[in-house]
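Throw the hints in and build the complete structure from the sequences for me.
With UniProt numbering, letter number 112 in the sequence shown gets 112, and the count goes up by one each step, no holes.
Where hints are given, some of them may not hold.
Capping the alpha-carbon separation at 25 Å, the derived lysine-lysine pairs in DSS-like fashion look like this [claimed, not checked]: (1) Lys192 to Lys81; (2) Lys109 to Lys78; (3) Lys280 to Lys15; (4) Lys15 to Lys72; (5) Lys150 to Lys72; (6) Lys78 to Lys192; (7) Lys72 to Lys192.
Label-pair ranges, simulated between beta-carbon atoms [said to hold, decoys possible]: (8) Arg215 to Thr100: 19 to 29 Å; (9) Lys109 to Ala57: 45 to 55 Å; (10) Asp110 to Lys192: 24 to 34 Å; (11) Lys192 to Gln319: 42 to 52 Å; (12) Arg177 to Arg340: 32 to 42 Å; (13) Tyr89 to Ser302: 47 to 57 Å; (14) Arg262 to Lys192: 43 to 53 Å; (15) Asp117 to Asp174: 25 to 35 Å; (16) Gln113 to Asp195: 22 to 32 Å; (17) Gly94 to Gln286: 52 to 62 Å.
Keep in mind that the hints were calculated from the coordinates and are not lab data. All C-beta atoms, glycine included, are put in the ideal place defined by N, C-alpha and C.
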Amino acid sequence: MPFGDREDELWEAMKPSFKPRLVSDPNLKYARHVVNGTGPFAAKSPAASHLRMDAKATLARVVRGTPEVLVKVTGRKKGAKHLAAHLDYIGRHGDIRIETRDGEHITTKDDAQRIADEWSDPLYWRQGTTVSAVAMVFSMPAGTDPETVKQAVRETAERIVGENHDYLMALHTDTPRPHVHLTVQAEGLNRKRFDPRREDLFRFREAFAEALRSRGVEAEATPRYTRGQGRAGTSMALTQLRARIRSGASRQPTEADLRQARAAMQIALGRAEQPTFVSKTRARWQDTKRRYEAAAERLDRSPEHEDRNLARDVRQFLQERASIETIPDKMLREAEARMREAQERTRSNPAQDQGVPRGTPPPPTRRR
Numbered sequence: 001m002p003f004g005d006r007e008d009e010l011w012e013a014m015k016p017s018f019k020p021r022l023v024s025d026p027n028l029k030y031a032r033h034v035v036n037g038t039g040p041f042a043a044k045s046p047a048a049s050h051l052r053m054d055a056k057a058t059l060a061r062v063v064r065g066t067p068e069v070l071v072k073v074t075g076r077k078k079g080a081k082h083l084a085a086h087l088d089y090i091g092r093h094g095d096i097r098i099e100t101r102d103g104e105h106i107t108t109k110d111d112a113q114r115i116a117d118e119w120s121d122p123l124y125w126r127q128g129t130t131v132s133a134v135a136m137v138f139s140m141p142a143g144t145d146p147e148t149v150k151q152a153v154r155e156t157a158e159r160i161v162g163e164n165h166d167y168l169m170a171l172h173t174d175t176p177r178p179h180v181h182l183t184v185q186a187e188g189l190n191r192k193r194f195d196p197r198r199e200d201l202f203r204f205r206e207a208f209a210e211a212l213r214s215r216g217v218e219a220e221a222t223p224r225y226t227r228g229q230g231r232a233g234t235s236m237a238l239t240q241l242r243a244r245i246r247s248g249a250s251r252q253p254t255e256a257d258l259r260q261a262r263a264a265m266q267i268a269l270g271r272a273e274q275p276t277f278v279s280k281t282r283a284r285w286q287d288t289k290r291r292y293e294a295a296a297e298r299l300d301r302s303p304e305h306e307d308r309n310l311a312r313d314v315r316q317f318l319q320e321r322a323s324i325e326t327i328p329d330k331m332l333r334e335a336e337a338r339m340r341e342a343q344e345r346t347r348s349n350p351a352q353d354q355g356v357p358r359g360t361p362p363p364p365t366r367r368r
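Structure representation (structure tokens):
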């Protein structure tokens, strides 16, 4: 059942729109084309907007928990030496084959060094250290066929950067999540640089999810707020530090976590307020819920049994996500729990905690 005039409204709730920020562009005609989607930025064929034509299928994948693809930039390699070390890492020092754009395999360190030199040599005339390549990771949840993931990544790379940039791929299966390291040459054939931003990464995500679905693997690419989840936004370095703490390899908390814990305690004590983005996140989720509820009402009126089942799934999805929890919300909840524990200890044994301010978290337990 098509949603008619409401399809664009529902689509906006599930897919972000990126608007370029113009400060001072001397080419005003070019700038208007960028903003309005006209001229060279106009849709060249119906295929350019074919994803938008099936909002119902996207809604079904969202509310039924279809796995989300992960695409992220892991680094920018500056110079031949830095790039060669990266290729040695993703090739696991020769144990994993690195595939070229043409499907050839690189297994020796000398071949990797040769490519690193070739990708960096055209940049010798630039002043200072210049990015030779951009490293990316494409990942899917555990249980996904690794070979299918690799094929989908190759199709995505060929579709988005293949016409202008060379690239290398390496499939890793040493973790539960199969993932592919994609390394893209920064300098294109037309001298245009590859420097992906947020909207570019989202294009990669959508293309990756579409390539997986064409191979029979359910996948979707939607923002976190579409699924009722708070912002993630942690760097690769911070993610790795937290993983070391969870695994027991390190007991030293990160500075970011300590800073968030201190801020949450100040909010719990009434001395500070939640960040502005928390209220904006809640407001956006309420708007998304409103659009989902409107879609469920239209689906309920459909004569198709599948549409009515989807309406039921949408309402179940919204019922399970009455509110959205951000990282500051989680930290505040933990801080309030620590305050209650401290207050209960004070009431049960006032003499033991005499002189300790109320709300102070307990000291960490020392291990011998």
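Right, here's what the structure says about each hint:
Distance check on the hinted pair: Lys192 and Lys81 sit about 22 Å apart at the alpha-carbon level, within 25 Å; holds. Simply put, Lys109 and Lys78 have alpha-carbon atoms about 18 Å apart, close enough for the 25 Å limit, and the pair holds. Of the supplied pair hints, the one linking Lys280 and Lys15 holds, its CA atoms being roughly 17 Å apart against a limit of 25 Å. Proximity of Lys15 to Lys72 is assessed by CA-CA distance (about 18 Å); at most 25 Å being required, the pair is judged to hold.
Between Lys150 and Lys72 the CA atoms are separated by roughly 16 Å; this keeps the pair inside 25 Å, and the hint holds. The suggested pairing of Lys78 with Lys192 holds, with an alpha-carbon distance near 17 Å, which does not exceed 25 Å. At most 25 Å may separate the alpha-carbon atoms for a hinted pair to count; Lys72 and Lys192 meet this at roughly 21 Å. Checked against the given bound of 19 to 29 Å, the beta carbons of Arg215 and Thr100, roughly 22 Å apart, stay inside it.
With their beta carbons about 46 Å apart, Lys109 and Ala57 fall inside the hinted range of 45 to 55 Å. The supplied range of 24 to 34 Å is met by Asp110 and Lys192, whose beta-carbon atoms lie about 30 Å from each other. Between Lys192 and Gln319 the C-beta distance comes to about 48 Å, which sits within the given range of 42 to 52 Å. For the hinted restraint 32 to 42 Å between Arg177 and Arg340, the CB-CB distance of approximately 37 Å keeps it satisfied.
Evaluation of the 47 to 57 Å hint for Tyr89 and Ser302 yields a pass: the beta carbon distance comes to about 52 Å. Taken as a hint, the range 43 to 53 Å holds for the pair Arg262 and Lys192, whose Cβ atoms sit roughly 45 Å apart. Distance hint check: the CB atoms of Asp117 and Asp174 are about 28 Å apart, consistent with the given range 25 to 35 Å. For Gln113 and Asp195, the Cβ-Cβ distance of about 25 Å falls inside the hinted range of 22 to 32 Å, so the restraint holds.
A hinted range of 52 to 62 Å for the beta carbons of Gly94 and Gln286 is consistent with their spacing of about 53 Å.
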